[in-house]
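Chains as they are written, first to last, in the working numbering: chain A, 17 to 458; chain B, 17 to 458.
It is possible that some hints are incorrect.
Just so you know, same-sequence chains aren't split out, so a pair can sit in one copy or run between any two.
As the list claims (entries may be wrong) - Each computed BS3-like pair below joins lysine-lysine, with the alpha-carbon atoms no more than 27 Å apart:
1) Lys-407 <-> Lys-50
2) Lys-366 <-> Lys-435
3) Lys-241 <-> Lys-72
4) Lys-407 <-> Lys-435
5) Lys-366 <-> Lys-241
6) Lys-441 <-> Lys-261
7) Lys-407 <-> Lys-441
8) Lys-51 <-> Lys-141
9) Lys-72 <-> Lys-40
10) Lys-50 <-> Lys-40
11) Lys-141 <-> Lys-50
12) Lys-241 <-> Lys-69
13) Lys-241 <-> Lys-435
14) Lys-261 <-> Lys-407
15) Lys-40 <-> Lys-441
In case anyone wonders, no lab produced these hints; they're calculated from the structure.
2 protein chains.
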Amino acid sequence: MSNESQTIRVGILGFGTVGQGTWKHLVENAESLKKILGVEVLPVRASVRDLTKDRKLAIDADALTDDSMSIVDDPGVDLICELMGGIEEARVLTLRAFANGKSVVTANKALICEHGEELFSEAEKAGVRYAFEASVAGGIPIIKVLRESLVANEFPLIYGILNGTSNYILTRMESEGATFDDVLADARDLGYVEADEALDLDGVDAAHKAVILAYLAHGMWISLKDITVEGIREISNEDLLAARKLGCKIKLIGVIRRNFENNHISVGVHPALVPVGEIIARTDGVYNGVSLTGTVVGTVVLTGRGAGQDPTAGSVISDIVDVVKGMKGMNSQPKLLHVTPDECTAATAKEICGCFYLRLRVDDRPGQLAQIAECLAEREVSLATVSQTPKDEDRSAQIILTTHQTNEHSIQLAIEALKQLPGVKESPVLFRMFDPNGFENQ
Amino acid sequence: MSNESQTIRVGILGFGTVGQGTWKHLVENAESLKKILGVEVLPVRASVRDLTKDRKLAIDADALTDDSMSIVDDPGVDLICELMGGIEEARVLTLRAFANGKSVVTANKALICEHGEELFSEAEKAGVRYAFEASVAGGIPIIKVLRESLVANEFPLIYGILNGTSNYILTRMESEGATFDDVLADARDLGYVEADEALDLDGVDAAHKAVILAYLAHGMWISLKDITVEGIREISNEDLLAARKLGCKIKLIGVIRRNFENNHISVGVHPALVPVGEIIARTDGVYNGVSLTGTVVGTVVLTGRGAGQDPTAGSVISDIVDVVKGMKGMNSQPKLLHVTPDECTAATAKEICGCFYLRLRVDDRPGQLAQIAECLAEREVSLATVSQTPKDEDRSAQIILTTHQTNEHSIQLAIEALKQLPGVKESPVLFRMFDPNGFENQ
Chain A
17 MSNESQTIRV GILGFGTVGQ GTWKHLVENA ESLKKILGVE VLPVRASVRD LTKDRKLAID
77 ADALTDDSMS IVDDPGVDLI CELMGGIEEA RVLTLRAFAN GKSVVTANKA LICEHGEELF
137 SEAEKAGVRY AFEASVAGGI PIIKVLRESL VANEFPLIYG ILNGTSNYIL TRMESEGATF
197 DDVLADARDL GYVEADEALD LDGVDAAHKA VILAYLAHGM WISLKDITVE GIREISNEDL
257 LAARKLGCKI KLIGVIRRNF ENNHISVGVH PALVPVGEII ARTDGVYNGV SLTGTVVGTV
317 VLTGRGAGQD PTAGSVISDI VDVVKGMKGM NSQPKLLHVT PDECTAATAK EICGCFYLRL
377 RVDDRPGQLA QIAECLAERE VSLATVSQTP KDEDRSAQII LTTHQTNEHS IQLAIEALKQ
437 LPGVKESPVL FRMFDPNGFE NQ
Chain B
17 MSNESQTIRV GILGFGTVGQ GTWKHLVENA ESLKKILGVE VLPVRASVRD LTKDRKLAID
77 ADALTDDSMS IVDDPGVDLI CELMGGIEEA RVLTLRAFAN GKSVVTANKA LICEHGEELF
137 SEAEKAGVRY AFEASVAGGI PIIKVLRESL VANEFPLIYG ILNGTSNYIL TRMESEGATF
197 DDVLADARDL GYVEADEALD LDGVDAAHKA VILAYLAHGM WISLKDITVE GIREISNEDL
257 LAARKLGCKI KLIGVIRRNF ENNHISVGVH PALVPVGEII ARTDGVYNGV SLTGTVVGTV
317 VLTGRGAGQD PTAGSVISDI VDVVKGMKGM NSQPKLLHVT PDECTAATAK EICGCFYLRL
377 RVDDRPGQLA QIAECLAERE VSLATVSQTP KDEDRSAQII LTTHQTNEHS IQLAIEALKQ
437 LPGVKESPVL FRMFDPNGFE NQ
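Looking at chain A on its own, in the form it has when it is part of the complex (with noise of 0.2 Å):
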């Protein structure tokens, strides 16, 4: 890599769904990437096991090779992703890599967790970067925040849901009562599994995680053959019925526990019966959850994706940028904004749609409630719910009103003609029905 290029050449290693994923949002977000860093970051090379294999992504067939190596060896390529996935071939890879000079972005948390000591201390050695956001929770920033948000604590305690497939099981057969066989023969036809079983069922992806994540908290390497990893195999339904008389849903997790008085650690992947009230209980399907409690923040929980294409290539662009804020001495001013300041502009009343919650106090007398619905409908307001209690006290009447879908200038309006309608005794009081899944039609 030279400084005075003005392209940062990208050479990605496995070209699955990640690899895939890499490459596009890196083309996709070329421009964006270049307003932020000031210099060019483009993909232009990818490794992939079978040259003549139909792919989605069309890309120019000079960019394809099956020689992972010539990519790691070719000096116009200043920085590599391990997307590929196994152990021995990519820790060869690595290393060679890090011996050329070029820092390595990497998903491979089976790599990480076999030959992380090995990995990290060579790239040190080397003075090159080993980046792996991607590979703990696909989406969720979790190495970041840990290690550099969280910067100032230690952590007694860091649990969550660290396998997306797994979640995802657990929760068709909680909310349906589907069978282990019926719900895995369906995430198995979605592509959920990965090929090795193993990997997803029996808690050994999650404890790669929990290895990776131990090692960032505590700094210590604990070997996979050391710790507790059970997987969903056992897990009944009548299992999921009677955790949930107990107050629990059972979710396999992923804890790291530490004892500050004597600071041993404890790292085990198993079904536990986690409480309804933690979030870490609430995050279904193939969402990941994080919980981190640290002696300065008390408790952080992240949420998100844990998996898939979109999330972790995401993933593996924020470790690129850090790679390349880091590789041009940049982090001194680094800018601020990853859009153009000047494309947006401020929304007006009607375009902020939504529904509304109403509540007045009104004279109880025939025809009140009628006229409010007529002032409204004149508005283009239209109701949704109605519910009236009567306040003997003094013959007034309290109505609560949901409405359908509309915006915020015709609502004003409406609740302007309110304050103005016979029998309405105090100002309405307003307040939005948020709907996170309908912003679409603002």
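With chain A's structure known, arrange chain B on it following the hints.
Okay, now just chain B, sitting in the frame of chain A:
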């Protein structure tokens, strides 16, 4: 700041709760920060409004001054933490620090909201950093996650609870049926309410934070006067009840929406009925929570303490670490660990305590349960709950047990013994009962 010096000397402007917390944690973390950064970072001076006031934190009287500018101008101070609050004085001091070539770490959301455009521009011109993680949501690392981790995303929706005091009041009104006025009185007694109560109760503090998030996500400074800002004073206990009937909780939320068809942005802070299924709806008490929906990652939710001495000081310290990394040009080779790698050892099975869930299939005959209980008791495992269900098909019964607190060693002995016990038909199934608040007994 000289790169050759072995100590980065920090000056703190404003020595209230967060200022004192920052001083304290810098001193307590001095050793680990030195390991991470390769240089010492130490607080050397702090400014106060009143030199004669008693303070909890004992620091050298010489380190205190009532002249903030003298710290900013002191060549013996390398980095400034502006934790004084207020706008005009803080602005002047911050700009002077930039002119002196000093980076500034701040928690001052009001200042950024009002003068962010000028301040970031001046910091960039001066080649220094203006870091502000502590300004939004206290201990939750929302700034870093938004800017760095999710760098590959655009954000159609960001929303969340950005003010802990108003959330505390709403939570107590909801859970206890207490009135707004009663809970407000308690919140005042607990020191939760800002001197200027409008900041907490009328949504102004949350609006400052929403404006900052909107800027980071969309590169657009929106003026406070152009957005909807409503507080919690209108919310009655009847509203909370009505909302619950509608499957919602009322929360004071900041909402930042972007319509990608026309790049129109809307920002608002107001009470809203949030569906109870959302993590944000269940974020209670003084906790804050932010949900980020990104085009690549999907939805990531972060929750944690949004204010308070320690969480906010922790965010200040993480910013200090980032700024110092930038100063030293260290970012190409940051240390991975933040604890000594050799001080921890693995816990033994006897040390790993907890409660357990057991499912057994046994012969359905008199005395079977008593035998099981005795077998467990002999291994120091005592029962908390028992539930037995007959299985007619083969004259067997299913027993589900939960235990009181014991440890991994004892429960494994118990399981081995149960396997040998007459009448136990299959290997017992064992799950952990996870108690996130009980882990300190490990």
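Reference check for the pair Lys-407 and Lys-50, CA-CA at most 27 Å: within, between, both, or neither? neither (64 Å within a copy, 67 Å between copies)
Evaluate Lys-72 and Lys-40 at a C-alpha cut-off of 27 Å and name the case that applies: within, between, both or neither. within (11 Å within a copy, 55 Å between copies)
Under a CA distance limit of 27 Å, which applies to Lys-407 and Lys-435: within one copy, between copies, both, or neither? within (20 Å within a copy, 66 Å between copies)
At most 27 Å between alpha carbons: which applies to Lys-141 and Lys-50, within, between, both or neither? between (29 Å within a copy, 20 Å between copies)
Same-copy or cross-copy closeness of Lys-51 to Lys-141 [CA-CA at most 27 Å]: between (31 Å within a copy, 17 Å between copies)
When no copy is specified for Lys-407 and Lys-441, does a C-alpha distance of 27 Å or less occur within a copy, between copies, both, or neither? Classified as within; 13 Å inside a copy, 64 Å across copies.
Between Lys-40 and Lys-441, at a C-alpha cutoff of 27 Å, which is it: within one copy, between copies, both, or neither? For Lys-40 and Lys-441, neither the intra-copy (59 Å) nor the inter-copy (55 Å) Cα distance is at most 27 Å.
With identical chains, the pair Lys-50 and Lys-40 could be close in the same copy or across copies; at 27 Å between alpha carbons, which is it: within, between, both, or neither? Within. Shortest intra-copy distance 16 Å satisfies the 27 Å Cα cut-off; inter-copy 40 Å does not.
Which holds for Lys-366 with Lys-435 at a C-alpha limit of 27 Å: within a copy, between copies, both or neither? Answer is within: at 21 Å inside a copy they meet the 27 Å cutoff, but 69 Å across does not.
Between the shortest in-copy and the shortest cross-copy C-alpha distance, which are at most 27 Å for Lys-241 and Lys-69: within, between, both, or neither? neither (37 Å within a copy, 57 Å between copies)
At most 27 Å between CA atoms: does that hold for Lys-441 and Lys-261 within a copy, between copies, both, or neither? Between. Shortest inter-copy distance 25 Å satisfies the 27 Å Cα cut-off; intra-copy 47 Å does not.
Indicate which option fits the pair Lys-261, Lys-407 if close means a Cα-Cα distance not exceeding 27 Å: within, between, both or neither. This pair counts as between: shortest inter-copy Cα distance 20 Å, intra-copy 40 Å.
Consistency note: the structure conflicts with the earlier hints numbered 1, 3, 12, 15.
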